[in-house]
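Chemist: Construct the complete structure from the given sequences, taking the supplied hints into account.
Residue numbers (my numbering), protein chains in the order written: chain A, 1 to 113; chain B, 1 to 109.
In short, the hints are calculated from the structure, not lab data.
Honestly, I wouldn't trust all of these hints.
Said to hold, decoys possible - Calculated cross-link-like contacts (lysine to aspartate or glutamate; reagent style EDC-like; alpha-carbon spacing at most 20 Å):
| id | chain 1 | residue 1 | chain 2 | residue 2 |
| --- | --- | --- | --- | --- |
| 1 | A | Lys70 | A | Asp54 |
| 2 | A | Lys57 | A | Asp38 |
| 3 | A | Lys57 | A | Asp30 |
| 4 | B | Lys26 | A | Asp59 |
| 5 | A | Lys14 | A | Asp38 |
| 6 | B | Lys37 | A | Asp38 |
| 7 | B | Lys37 | B | Glu14 |
| 8 | A | Lys9 | B | Glu40 |
| 9 | A | Lys57 | A | Glu69 |
Said to hold, decoys possible - Here are some of the chain B residues that sit facing chain A, going by a computed Cβ distance under 8 Å:
| id | residue |
| --- | --- |
| 10 | Phe44 |
| 11 | Ile47 |
| 12 | Asn91 |
| 13 | Asn95 |
| 14 | Gly101 |
Claimed, not checked - If you want the ones that stay clear, here's a sample from chain B, every Cβ over 10 Å from chain A, calculated:
| id | residue |
| --- | --- |
| 15 | Ser6 |
| 16 | Pro7 |
| 17 | Val10 |
| 18 | Ile11 |
| 19 | Arg13 |
| 20 | Gly15 |
| 21 | Val19 |
| 22 | Lys50 |
| 23 | Asp58 |
| 24 | Lys68 |
| 25 | Gln69 |
| 26 | Leu80 |
| 27 | Ser81 |
Note that beta-carbon positions come from the ideal geometry of N, C-alpha and C, so glycine has one too.
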Amino acid sequence: DGGITQSPKYLFRKEGQNVTLSCEQNLNHDAMYWYRQDPGQGLRLIYYSQIVNDFQKGDIAEGYSVSREKKESFPLTVTSAQKNPTAFYLCASSIALGQGAQYFGPGTRLTVL
Amino acid sequence: QQPVQSPQAVILREGEDAVINCSSSKALYSVHWYRQKHGEAPVFLMILLKGGEQKGHDKISASFNEKKQQSSLYLTASQLSYSGTYFCGLNNAGNMLTFGGGTRLMVKP
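Modeler: This is the structure:
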């Protein structure tokens with residue numbers, strides 16, 4: 001079955017630590033996205049990538065970093081520079097940038113202790 | 001700029017209808033609609049492209065009024081499974097989606 005997986009489902013971080021959230025897709029999609037969702041809010045775009053080895057900042061990129069070394073994988077690192085990282089993080093992919101539906105992974109809930 | 005969704009919340013009895021609106025201050029290229037259950041990922045419902053088309057998905061349909069820069073989602077004869085938060089995502093021809101704040105829908109028996 002094709003889909004998007006994210007791990008871990010829950011993540012706890014101490015202040016000052018960097019953590020990396022995994023996102024893998026086997027849909028053969030070129031475009032991938034990371035969103036942040038705060039309680040009761042909509043989705044805000046952190047980073048996106050339209051092709052391997054290329055990625056662009058979204059609306060709230062400060063304190064985050066990404067890589068896209070393989071088509072299937074788009075990991076997100078939440079750095080210690082992100083002052084308020086507690087949130088629900090969603091990864092998505094689409095066939096191409098701006099084309100077709102975006103399909104979402106199950107999400108990672110990050111809590112800073 | 002974030003799209004404006006209205007209403008922010010709505011409570012229905014099973015079998016009732018609802019309309020959710022999404023409007024933008026910018027010209028629209030396409031509109032996406034998603035439904036999210038609590039604690040889960042958003043699930044794609046439908047895309048509407050420029051041209052005023054109307055699409056349907058079971059008893060859920062949507063329209064896209066390019067001139068008014070808005071889209072409406074119509075839920076007919078609502079079922080318990082329709083409960084969740086509905087988001088519109090707007091593409092203003094920059095290839096990125098900007099999501100609205102969501103409309104919380106609760107369907108009661």
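Chemist: Next step is simple, just say for each hint if it's right about the structure.
Modeler: Hint check:
A distance of roughly 11 Å separates the Cα atoms of A/Lys70 and A/Asp54; the hinted pair therefore holds under the 20 Å criterion. Distance hint between A/Lys57 and A/Asp38 is fulfilled; the C-alpha atoms sit about 19 Å from each other, no more than 20 Å. Among the hinted pairs, A/Lys57 with A/Asp30 is consistent with the structure: their alpha-carbon atoms are about 17 Å apart, no more than 20 Å. Annotation: proposed proximity of B/Lys26 to A/Asp59 holds, straight-line Cα distance about 17 Å (limit 20 Å).
Between A/Lys14 and A/Asp38 the alpha-carbon distance is near 19 Å, which keeps this suggested pair within the 20 Å criterion. Straight-line distance between C-alpha atoms of B/Lys37 and A/Asp38 comes to about 15 Å, which keeps the hinted pair within the 20 Å bound. A hinted pair counts as satisfied when its Cα atoms are at most 20 Å apart, and B/Lys37 with B/Glu14 qualifies at roughly 17 Å. Proposed proximity of A/Lys9 and B/Glu40 is supported: the alpha carbons are some 11 Å apart, at most 20 Å.
Note on A/Lys57 and A/Glu69: the hinted pairing holds, with a Cα-Cα distance of about 17 Å set against a maximum of 20 Å. Proximity of B/Phe44 to chain A holds as hinted, the smallest CB-CB distance being about 4 Å (cut-off 8 Å). Because the closest C-beta pair between B/Ile47 and chain A is about 6 Å apart, less than 8 Å, the hint holds. Among the interface hints, the one on B/Asn91 holds; its C-beta lies about 6 Å from the nearest C-beta in chain A, closer than the 8 Å criterion.
The criterion of a C-beta within 8 Å of any C-beta in chain A is met by B/Asn95, whose closest approach is roughly 3 Å, and the hint holds. A cut of 8 Å between beta carbons decides the hint on B/Gly101: the least distance to chain A is about 5 Å, and the hint holds. In this structure B/Ser6 is separated from chain A by more than 10 Å, as the shortest Cβ-Cβ distance comes to about 14 Å. Every beta carbon of chain A lies more than 10 Å from that of B/Pro7, the smallest distance being close to 15 Å; the non-interface claim holds.
The beta carbon of B/Val10 sits about 15 Å from the closest Cβ of chain A, which is more than 10 Å, so the claim that it is off the interface holds. No Cβ of chain A approaches the Cβ of B/Ile11 within 10 Å, the least distance being about 16 Å, so the stated non-interface status holds. Once the 10 Å rule is applied to beta carbons, B/Arg13 is consistent with being away from chain A; the minimum gap is 24 Å. No beta-carbon of chain A comes within 10 Å of the beta-carbon of B/Gly15; the shortest separation is about 28 Å.
Every CB of chain A is more than 10 Å from the CB of B/Val19 (nearest about 19 Å), matching its label as outside the interface. Under the 10 Å C-beta cut-off, the non-interface status given to B/Lys50 relative to chain A holds; the minimum distance is some 13 Å. With a minimum CB-CB distance of about 16 Å to chain A, B/Asp58 clears the 10 Å threshold, and the non-interface call stands. A cut-off of 10 Å between C-beta atoms confirms that B/Lys68 is not in contact with chain A; the least separation is 21 Å.
The non-interface label for B/Gln69 is consistent with chain A: the shortest C-beta to C-beta separation is roughly 18 Å, beyond 10 Å. Look at B/Leu80: its CB is around 22 Å from the nearest CB on chain A, clear of 10 Å, so calling it non-interface holds up. The Cβ of B/Ser81 lies farther than 10 Å from every Cβ of chain A, with a closest approach of about 18 Å, so its non-interface assignment holds.
In the structure shown, no violation is registered for any of the earlier numbered hints.
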